[in-house]
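Numbering (this note's numbering), first residue to last: 1204 to 1489.
In short, the hints are calculated from the structure, not lab data. Any given hint could turn out to be false.
No more than 20 Å apart at the CA atoms, straight line, and that leaves these computed lysine to aspartate or glutamate pairs for DMTMM-like [said to hold, decoys possible]: (1) 1484 x 1410; (2) 1230 x 1206; (3) 1218 x 1206; (4) 1205 x 1468; (5) 1484 x 1468; (6) 1218 x 1436; (7) 1474 x 1419; (8) 1230 x 1250; (9) 1280 x 1443; (10) 1280 x 1216; (11) 1230 x 1243; (12) 1274 x 1436; (13) 1205 x 1243; (14) 1279 x 1268; (15) 1246 x 1267; (16) 1484 x 1269; (17) 1205 x 1269; (18) 1205 x 1216; (19) 1205 x 1267; (20) 1474 x 1443; (21) 1279 x 1224; (22) 1218 x 1419; (23) 1218 x 1250; (24) 1280 x 1206; (25) 1280 x 1268; (26) 1274 x 1206; (27) 1230 x 1216; (28) 1474 x 1436; (29) 1484 x 1206; (30) 1205 x 1237; (31) 1279 x 1206; (32) 1280 x 1243; (33) 1474 x 1216; (34) 1279 x 1267; (35) 1279 x 1237; (36) 1279 x 1269; (37) 1484 x 1268; (38) 1484 x 1446; (39) 1274 x 1224.
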Amino acid sequence: MKELGAMLKAAREAKGLSLADLQMATKIRARQLEAMEAGDFHKLPGEVYIRGFLINYAQHVGLDEDQVLAKYYALKKQAAPEEADDAAAETGTEDAPSFRSTARRKNLVWTAPGQKKANLLVMASVGVVLVVGVAVGQYFARKPAPVPATDHRPVAVGEANAAAGTAAEAVVEPGGERGRTGQAAGGERNGEVPAAAAPAAVLPADEGRLVVEASEVVWLGLYQLPSRTIIFEGTLQPGERREWQLTTDVSLRIGNAGGLRVVYEGQDLGKLGSSGQVISKVLTVD
1204 MKELGAMLKA AREAKGLSLA DLQMATKIRA RQLEAMEAGD FHKLPGEVYI
1254 RGFLINYAQH VGLDEDQVLA KYYALKKQAA PEEADDAAAE TGTEDAPSFR
1304 STARRKNLVW TAPGQKKANL LVMASVGVVL VVGVAVGQYF ARKPAPVPAT
1354 DHRPVAVGEA NAAAGTAAEA VVEPGGERGR TGQAAGGERN GEVPAAAAPA
1404 AVLPADEGRL VVEASEVVWL GLYQLPSRTI IFEGTLQPGE RREWQLTTDV
1454 SLRIGNAGGL RVVYEGQDLG KLGSSGQVIS KVLTVD
């Protein structure tokens, strides 16, 4: 919950709003706003109020209320097992003797004489199956592998990488001679080349590469398009640097555009706005 609180606070500060300003705009008490920004949602009245507070807060600081609510419920779900573990640890010392005695009682299982005989038969059957399986495996392991038949048809090796838009095709003729090698950028090239020397398709070094570096406290959201699946949401501190290798178009949302430098596919886009400005930008992957 601390992460969600920090995100809310960063968005408010990016808007240049004080707690007093936000209290007047949202009609939420200042101490409740402070509890939200500190991640202390247990200090708020209840789930209905928390949901309303988050929607109201998000609308006034320029955040997507649906994403804020989704993040709150995801963090709450993560915190539930930890709270259960803490409660069990507090009572574990007192309940330990009762638990151990209960476990011993559960392990005392009476087995009828007929059941013992049936268990022995099952174990013997399993042993026979294992022995037969090992013998068959050794037989086939010693048996020489069949020599593959010679196929006189050309064999295609390699194929275009769909994501990078490049293509490489090699045709091997009987006797080891090379046919033609197709290339996406340079057309066709004829000549004999050893089969092992066929180059693999390689993505350009900077294709789809996104790098951001914060010079101020910045809230950043990165979402996959068109599904708007969350790739990253969080607050970056001054000097913090993040990097992603993108394979689809994305939406970039910055809470303090003047505090974030953006480099995409090797091109320095610089700062996409001024300090305190909230912007959204779509980055496309060819």
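Now for the hints, and whether the structure bears them out:
Taken as a hint, the residue 1484 and residue 1410 pair is honoured in the structure, with Cα atoms around 18 Å apart against an allowance of 20 Å. Among the hinted pairs, residue 1230 with residue 1206 is inconsistent with the structure: their alpha-carbon atoms are about 24 Å apart, more than 20 Å. Under the criterion of a C-alpha separation no larger than 20 Å, the hint pairing residue 1218 with residue 1206 is consistent with the structure, at around 19 Å. Our distance criterion of 20 Å between C-alpha atoms is broken by residue 1205 and residue 1468, whose separation comes to about 33 Å.
At most 20 Å may separate the alpha-carbon atoms for a hinted pair to count; residue 1484 and residue 1468 meet this at roughly 15 Å. For the given pair, residue 1218 sits about 18 Å from residue 1436 by alpha-carbon distance, which is consistent with the 20 Å threshold. About 12 Å separates the Cα atoms of residue 1474 and residue 1419, which keeps this hinted pair within 20 Å; it holds. Our distance criterion of 20 Å between C-alpha atoms is met by residue 1230 and residue 1250, whose separation comes to about 18 Å.
Taking the CA atoms of residue 1280 and residue 1443, the gap is about 28 Å. The hint is violated against a cut of 20 Å. Annotation: proposed proximity of residue 1280 to residue 1216 is violated, straight-line Cα distance about 28 Å (limit 20 Å). The hinted pair formed by residue 1230 and residue 1243 meets the criterion: a straight-line CA distance of about 19 Å does not exceed 20 Å. Pair hint residue 1274 plus residue 1436 holds up; C-alpha atoms about 9 Å apart against a cutoff of 20 Å.
A threshold of 20 Å between alpha carbons decides the hint, and for residue 1205 with residue 1243 the separation of about 8 Å falls inside it, so the pair holds. Distance check on the hinted pair: residue 1279 and residue 1268 sit about 16 Å apart at the alpha-carbon level, within 20 Å; holds. Restraint check for residue 1246 and residue 1267: the C-alpha separation of about 24 Å exceeds 20 Å, so the hint is violated. For the hint pairing residue 1484 with residue 1269, the CA-to-CA distance comes to about 19 Å; that is within 20 Å, so the pair holds.
With a CA separation close to 19 Å, the supplied pair residue 1205 and residue 1269 stays within the 20 Å bound. Under the criterion of a C-alpha separation no larger than 20 Å, the hint pairing residue 1205 with residue 1216 is consistent with the structure, at around 16 Å. A threshold of 20 Å between alpha carbons decides the hint, and for residue 1205 with residue 1267 the separation of about 18 Å falls inside it, so the pair holds. Pair hint residue 1474 plus residue 1443 holds up; C-alpha atoms about 15 Å apart against a cutoff of 20 Å.
About 28 Å separates the Cα atoms of residue 1279 and residue 1224, which puts this hinted pair outside 20 Å; it is violated. Among the hinted pairs, residue 1218 with residue 1419 is consistent with the structure: their alpha-carbon atoms are about 14 Å apart, no more than 20 Å. The hinted pair formed by residue 1218 and residue 1250 fails the criterion: a straight-line CA distance of about 27 Å is larger than 20 Å. Between residue 1280 and residue 1206, the direct Cα distance comes to roughly 14 Å. Compliance with the 20 Å bound is thereby established for this hinted pair.
For the given pair, residue 1280 sits about 18 Å from residue 1268 by alpha-carbon distance, which is consistent with the 20 Å threshold. For the given pair, residue 1274 sits about 9 Å from residue 1206 by alpha-carbon distance, which is consistent with the 20 Å threshold. The straight-line distance between the Cα atoms of residue 1230 and residue 1216 is roughly 18 Å, inside the 20 Å bound, and the hint therefore holds. Proximity of residue 1474 to residue 1436 is assessed by CA-CA distance (about 19 Å); at most 20 Å being required, the pair is judged to hold.
Proposed proximity of residue 1484 and residue 1206 is contradicted: the alpha carbons are some 24 Å apart, above 20 Å. For the given pair, residue 1205 sits about 12 Å from residue 1237 by alpha-carbon distance, which is consistent with the 20 Å threshold. Distance restraint check for residue 1279 and residue 1206: the Cα-Cα separation of roughly 12 Å lies within the 20 Å cut-off, and the hinted pair is therefore satisfied. A hinted pair counts as satisfied when its Cα atoms are at most 20 Å apart, and residue 1280 with residue 1243 qualifies at roughly 15 Å.
Straight-line distance between C-alpha atoms of residue 1474 and residue 1216 comes to about 18 Å, which keeps the hinted pair within the 20 Å bound. For the hint linking residue 1279 to residue 1267, the alpha-carbon distance of about 19 Å falls within 20 Å, and the restraint holds. A C-alpha spacing of about 19 Å is found between residue 1279 and residue 1237, which places the hinted pair at or below 20 Å, so the restraint holds. In summary, the hint linking residue 1279 to residue 1269 is supported, as the alpha carbons are separated by about 15 Å, within the 20 Å threshold.
Between residue 1484 and residue 1268 the alpha-carbon distance is near 19 Å, which keeps this suggested pair within the 20 Å criterion. For a cut-off of 20 Å, the pair hint linking residue 1484 to residue 1446 stands: about 17 Å separates their Cα positions. Taking the CA atoms of residue 1274 and residue 1224, the gap is near 25 Å; set against the 20 Å cutoff, the hint is violated.
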